[in-house]
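Chains as they are written, first to last, in full-length UniProt numbering: chain A, 1 to 410; chain B, 1 to 410.
Each statement offered as a hint is correct.
Label-pair ranges, simulated between beta-carbon atoms:
{"id": "1", "chain 1": "A", "residue 1": "E55", "chain 2": "B", "residue 2": "I189", "range": "52 to 58 Å"}
{"id": "2", "chain 1": "A", "residue 1": "K152", "chain 2": "B", "residue 2": "K408", "range": "44 to 50 Å"}
{"id": "3", "chain 1": "A", "residue 1": "T56", "chain 2": "B", "residue 2": "V68", "range": "43 to 49 Å"}
{"id": "4", "chain 1": "B", "residue 1": "E118", "chain 2": "A", "residue 2": "E55", "range": "46 to 52 Å"}
{"id": "5", "chain 1": "B", "residue 1": "P60", "chain 2": "A", "residue 2": "G267", "range": "55 to 61 Å"}
{"id": "6", "chain 1": "B", "residue 1": "D327", "chain 2": "A", "residue 2": "E394", "range": "49 to 55 Å"}
To give an idea of the chain A side of the interface with chain B (calculated C-beta under 10 Å), a few residues:
{"id": "7", "residue": "R43"}
{"id": "8", "residue": "L45"}
{"id": "9", "residue": "F239"}
{"id": "10", "residue": "L387"}
These are calculated hints, taken from the structure and not from any lab test.
Being a predicted model, the structure only gives us computed values, none of them experimental.
For every residue, glycine included, the Cβ atom is placed at its ideal position computed from N, Cα and C.
Number of protein chains: 2
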Amino acid sequence: MENRQNGEAKKEEEPKDSICGYDSLHLLLKDNLNPHHFQEVSRLLTGLNCGKAIETIALPESATALSVEHGFDLQAFSFSADKEQLREPRVVRVGLIQNSTALPTTAHFADQKKAIFEKLKPIIEASGSSGVNILCLQEAWMMPFAFCTREKRWCEFAEPVDGESTKFLQSFALKYNMVIISSILERDINHGEVIWNTSVVIGNHGNIIGKHRKNHIPRVGDFNESTYYMEGNTGHPVFETVYGKIAINICYGRHHPLNWLAFGLNGAEIVFNPSATVGELSEPMWPIEARNAAIANSYFVASINRVGTETFPNAFTSGDGKPAHADFGHFYGSSYVSAPDASCTPSLSRYRDGLLITDMDLNLCRQFKDKWGFRMTSRYELYADTLGRYVKPEFEPQVIIDPLLHRKAS
Amino acid sequence: MENRQNGEAKKEEEPKDSICGYDSLHLLLKDNLNPHHFQEVSRLLTGLNCGKAIETIALPESATALSVEHGFDLQAFSFSADKEQLREPRVVRVGLIQNSTALPTTAHFADQKKAIFEKLKPIIEASGSSGVNILCLQEAWMMPFAFCTREKRWCEFAEPVDGESTKFLQSFALKYNMVIISSILERDINHGEVIWNTSVVIGNHGNIIGKHRKNHIPRVGDFNESTYYMEGNTGHPVFETVYGKIAINICYGRHHPLNWLAFGLNGAEIVFNPSATVGELSEPMWPIEARNAAIANSYFVASINRVGTETFPNAFTSGDGKPAHADFGHFYGSSYVSAPDASCTPSLSRYRDGLLITDMDLNLCRQFKDKWGFRMTSRYELYADTLGRYVKPEFEPQVIIDPLLHRKAS
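This is chain A alone, in the form it adopts within the complex (with noise of 0.2 Å):
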């Protein structure tokens, strides 16, 4: 089922984390169980091989070479939705591309950012001769990942909206008529210099359509970030683009059913969720919120996580008592797509880069609205009312006691 288009390619990073040294939660599984016993697993784990199957898709050989020689996981799949009589399918190709950082952490900021820029080039390449519409790199990409630190140095890596990242990645949404939302450190020049968590979503010609700011912001392990910016005051965007209405869901927000739930009232159809996560911490919830949200809300979700383990001139503590280390864990990559209709694809290497690409056809969404109702069995105004109240200090929770609470068992 997956397309292992560079099944020989060289491993970046050895397995540290690993017990048994495989690739994805997917290969390991197709590698060990006979052909039914997979088909029957992958039924009910990702709800495929129910009628309709997953395709794989066939990429031109620019891409594969690419793959083949800069050593990323390249994977391509597309889900199905039904025909319909008034509307012709609305089928959007999307990538996502998962990357390790390039150099060391003590290299000159500068040229860790090139560095970067240099190592994206070939995968966003891949992307635009694969012929990808909309096209999502990790959360701020263009650096290591340093919020474990609380070291302030790293803010210098911030970049206003229009800033280099972004010119970096207008060329190449102008040369492959590709929308591009790349998650960046932001410096907010007109607003005192702050820092902020931010998304730039750059139109297919190359403009810059606008920006949304992480909702949500984690106090949790090693993700120091509320050190270095606060909840962001974008609302939930929804940005219409010439390949259907997009948002974004940035990391943390994903753990917030709330966020996802005001994109879809908004009136998203692919929210992506853009991310960098541990292994330790949240890989079991990986597989699972996105896929609720995917359900629930009835649009497609889009995952993308960092890879690799980056480290740090200097040691930090993790509040958990345990000796100071320099390194966040092990990013897991993993990024993946889940469909309106419970779905998912396949996951992207645990280890290497990748570039993850599919096909989806938006009607599925509201297709599955129409089957499911969700929308409409949702009683808002009961869940307006509640959070109305909620949200007032003198809120009373509805508690019925038992009365014969503090009687002794008979």
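Put chain B on the given structure of chain A with help from the hints.
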């Protein structure tokens, strides 16, 4: 890992819809992967084996004997929590029962109900003798799930909250000092004899603590419940019992993140999800939604699904253009428990009656609220405002339109 205490028990139903005759996903993987691979797959899929493993519980021989004699699946697990300095552990033993009906739907209604009572007795006895504190039965356990037919005669099964099904369970609640959650078809005598889908909460002294009515009613596939009853009018009550604060999200409500949220806002520590759902429609969603709710709301979720295939006297159509047929499809069981740390138990059988017993330290809920902080980082004010605006007919979504949308690609 699983407690295959009744490995030799007879199968109640041939796995008609299975291509490989396995009993559960968990056993399929365990029996076909080597131990290292199985351990890693379990970590990725269920959050187990990352540090804290889930433990099996030894049950009394009387319970094991009942499971063998009556051929029901019996499994028992324990979740752990960190030891605290200021709170003692609050370990609660929860039991979930999944079952098929006992007589053909053509039998006299009184006989059908009585036969279900008789069938459940040994499973409830096994629960009681195993020291279960809170027991939950499946949705509308006292009748066939006849709402696919749209025939109103099945309303005869409905009972008042203090009717015969409640009385049947009250004696066990008293005998075993158990809280029992009983989901019935309710006849509301004091309000024009209307019908509701209702869970009755019976206290450990055999008293009725209260009731909750299903909040979200499906209109999908053969789930024609909207023909029989309306959306519940009991809000999102949390029942404070001697064993902890519990709530009930009935069946289709599991597709609605706001429903899960509201029980959490009211303080639930365990939310039960008594369900009746069939393979072709919902099976890939089943392992997703409950776990997402447990993660997002920092509580335990106990999911129960009915088992078996029920055939009705008169054929009905399904609005899918296919020929009329007389059954609803296969109710796939697979009851399981999800924890706030993103782990979950293996599931019960897809084919057989079953009792799943789980020990959970309710301290884990607050520990994960403190660790992940979702309740603090949720920005409820923002969403109270969003929903308040959304429910107005004149709502305008937040959309940023690419100003170059209609310019041709260069």
